[in-house]
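K.L.:
Chain by chain, the residues:
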Amino acid sequence: MERKVVNVGYGKVRRVSIGERLPLVFIGGPCAIESREHAFKMAKDIEVICQKIGIDWIYKSCYDKDCRSSPTSFHGVGIDEGLKILSDVRDEFGLPVVSDFSDSTWGPSTGEVCDLVQVPAYLCRQTSILRSAAKTGKPVLLKKGQFMSPWNMKNSVRKLESHGCNQIILADRGTFFGYNMLVNDMTCFPIMAATGYPVCFDAGHSIQLPTSMGNISGGQREFIPHLVRSATANGINALFMEVHDNPDKALSDANTVLDIKYLENILYQAKKVHELRLELLDKLGEDNVHPKK
Amino acid sequence: MNIKDVMLSLDKFPVVTKDVIFKEVLEEMGNKKLGIACVVDENYKLLGILTDGDIRRKILSIQKPLSSIFIDDCLDHAILSPKTISIDDPIIMAVNLMGENKIWDLPVVENGILKGLLHLHPLVNSLLKSK
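For the protein sequence lines, the chains are X and B, in the order given. The opening position of the first sequence corresponds to residue 1392 in the working numbering, with each subsequent residue numbered one higher. The opening position of the second sequence corresponds to residue 10 in the working numbering, with each subsequent residue numbered one higher.
None of these hints come from the bench; they were simulated from the model. One thing to keep in mind: the hints can contain errors.
Said to hold, decoys possible - So these bits of chain X aren't anywhere near chain B, every CB distance computed over 10 angstroms:
(1) G1485
(2) S1493
(3) T1527
(4) L1669
(5) L1672
Stated by the list, open to error - DMTMM-like, lysine to aspartate or glutamate: derived pairs with alpha carbons at most 25 angstroms apart:
(6) B:K73 <-> X:E1677
(7) X:K1684 <-> B:D61
(8) B:K32 <-> X:E1552
(9) B:K27 <-> X:E1552
(10) X:K1684 <-> B:E37
(11) X:K1550 <-> B:D85
(12) X:K1395 <-> B:D50
(13) B:K27 <-> X:E1393
(14) B:K41 <-> B:D28
It should be emphasised that the depicted structure is a prediction, and the values quoted were computed from it without experimental measurement. Where a beta carbon is used, it is the ideal one built from N, C-alpha and C, also for glycine.
All chains should be built: construct the whole structure from the sequences, respecting the hints.
P.N.:
As structure tokens, this is what we get:
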């Protein structure tokens, strides 16, 4: 199986390569764009931490949160204002950026600005969204739906490929375990990596308790470090975490975003575990426990 | 009578490309009512075969959910060096090969390219008619 490398970044921003045997990449930022000032502050603060640790990263924030449980929840700043802010973050910090999009007609403008376009987990098998993502010509971050088996993600991969996309990152954000509960099946990473594409772990959403609070989702942030260490040791190529400077006041996913004060500690561990895994692979070779035929 | 006269043409038995999923191969075997599928590349080079017997053994052997096996590329589970017969070989050679290996299907190839399938039933019928 050919292992592919996904290259993110165009124009004047720094290039980030994601793939097996490459350094771990961080994808993060506030769940939703709240304001220009806040977006810039978060980019600046995260950049300082990533520079200190020595980890490449991609700024993530969304302009429209279309999967809110409540009709009164913050929906986002909107596509025009949001993409302008993301474009300014690119220019100001030289960072590649990613946003998801929930309506196929938003694909072209999202792809025009963003270095990486994200397909939301709930929409991971929607042909119109996948077609629109592929047509942007940008790499695609494809979240595994909470309701999907990792092996069935191959169908979504093939939909993207059929529309010309061969730069795909597959991400796990947990799998439904009954109602209002998610679990992480760590075998999903080698299973999805068998497509040949890099794999990513979304730690913040994995500790989510979907719509457990009646009209919003809860979450158990205390498990983020545990899951990050597990997933990184397992063999992910990118780590995704939403980060906020004041989670209690976050306008989206307040119960799952990570307080930025913990970011350095967690990223440091993730980087070290990732490097140890690569070191062991160099020393011992690839895993040689083969399945029954 | 030679192999070319008796073999099934390519449209009469399951022929699939390597990235067709396992479940679709099973459907094609059902549609064509044959217990063998030949896996080929875009130039019809024979890459492997799947037979009813191979599939029975795999279902018992592979320790993963059936839904997971269904989405696998068929080549992942194919027998990669199957017994074949050349289109120019004598029929008696094919009959002996089937008997020795207890098989009733032989892909017919010419320089590695799949040309047809020798299936035991039409072969026997042809031999009986020719007596």
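K.L.:
Does X:E1552 sit within 25 angstroms of B:K27, going by the straight-line distance between their CA atoms?
P.N.:
Given that 25 angstroms is the threshold and the Cα spacing comes to 16 angstroms, the pair holds.
K.L.:
Tell me if the straight-line CA distance from X:K1395 to B:D50 falls inside 25 angstroms.
P.N.:
holds (22 angstroms)
K.L.:
Going by Cβ atoms, does X:G1485 stay more than 10 angstroms from chain B at every point?
P.N.:
holds (40 angstroms)
K.L.:
Check whether the Cα positions of X:K1684 and B:D61 lie no farther apart than 25 angstroms.
P.N.:
holds (15 angstroms)
K.L.:
Is B:K27 within 25 angstroms of X:E1393, Cα to Cα?
P.N.:
Given pair B:K27, X:E1393 holds - Cα atoms ~15 angstroms apart, limit 25 angstroms.
K.L.:
Decide if the proposed pair is consistent with the structure: B:K41 and B:D28, CA atoms, cutoff 25 angstroms inclusive.
P.N.:
Holds. B:K41 to B:D28 sits at ~19 angstroms (cutoff 25 angstroms).
K.L.:
Verify the proposed pairing of X:K1684 with B:E37, using a straight-line Cα cut of 25 angstroms.
P.N.:
holds (23 angstroms)
K.L.:
At 10 angstroms, judged by beta carbons, does X:S1493 keep clear of chain B as stated?
P.N.:
holds (26 angstroms)
K.L.:
Please settle this one: X:L1669 was flagged as non-interface, so is its CB more than 10 angstroms from every CB on chain B?
P.N.:
holds (27 angstroms)
K.L.:
Decide if the proposed pair is consistent with the structure: B:K32 and X:E1552, CA atoms, cutoff 25 angstroms inclusive.
P.N.:
holds (20 angstroms)
K.L.:
CA of B:K73 to CA of X:E1677, is that 25 angstroms or under?
P.N.:
OK: B:K73 and X:E1677 at ~21 angstroms, within 25 angstroms.
K.L.:
Is the Cβ of X:L1672 farther than 10 angstroms from every Cβ of chain B?
P.N.:
Non-interface label stands for X:L1672: nearest chain B Cβ at 23 angstroms, farther than 10 angstroms.
Of the hints listed earlier, there is not a single one the structure fails to meet.
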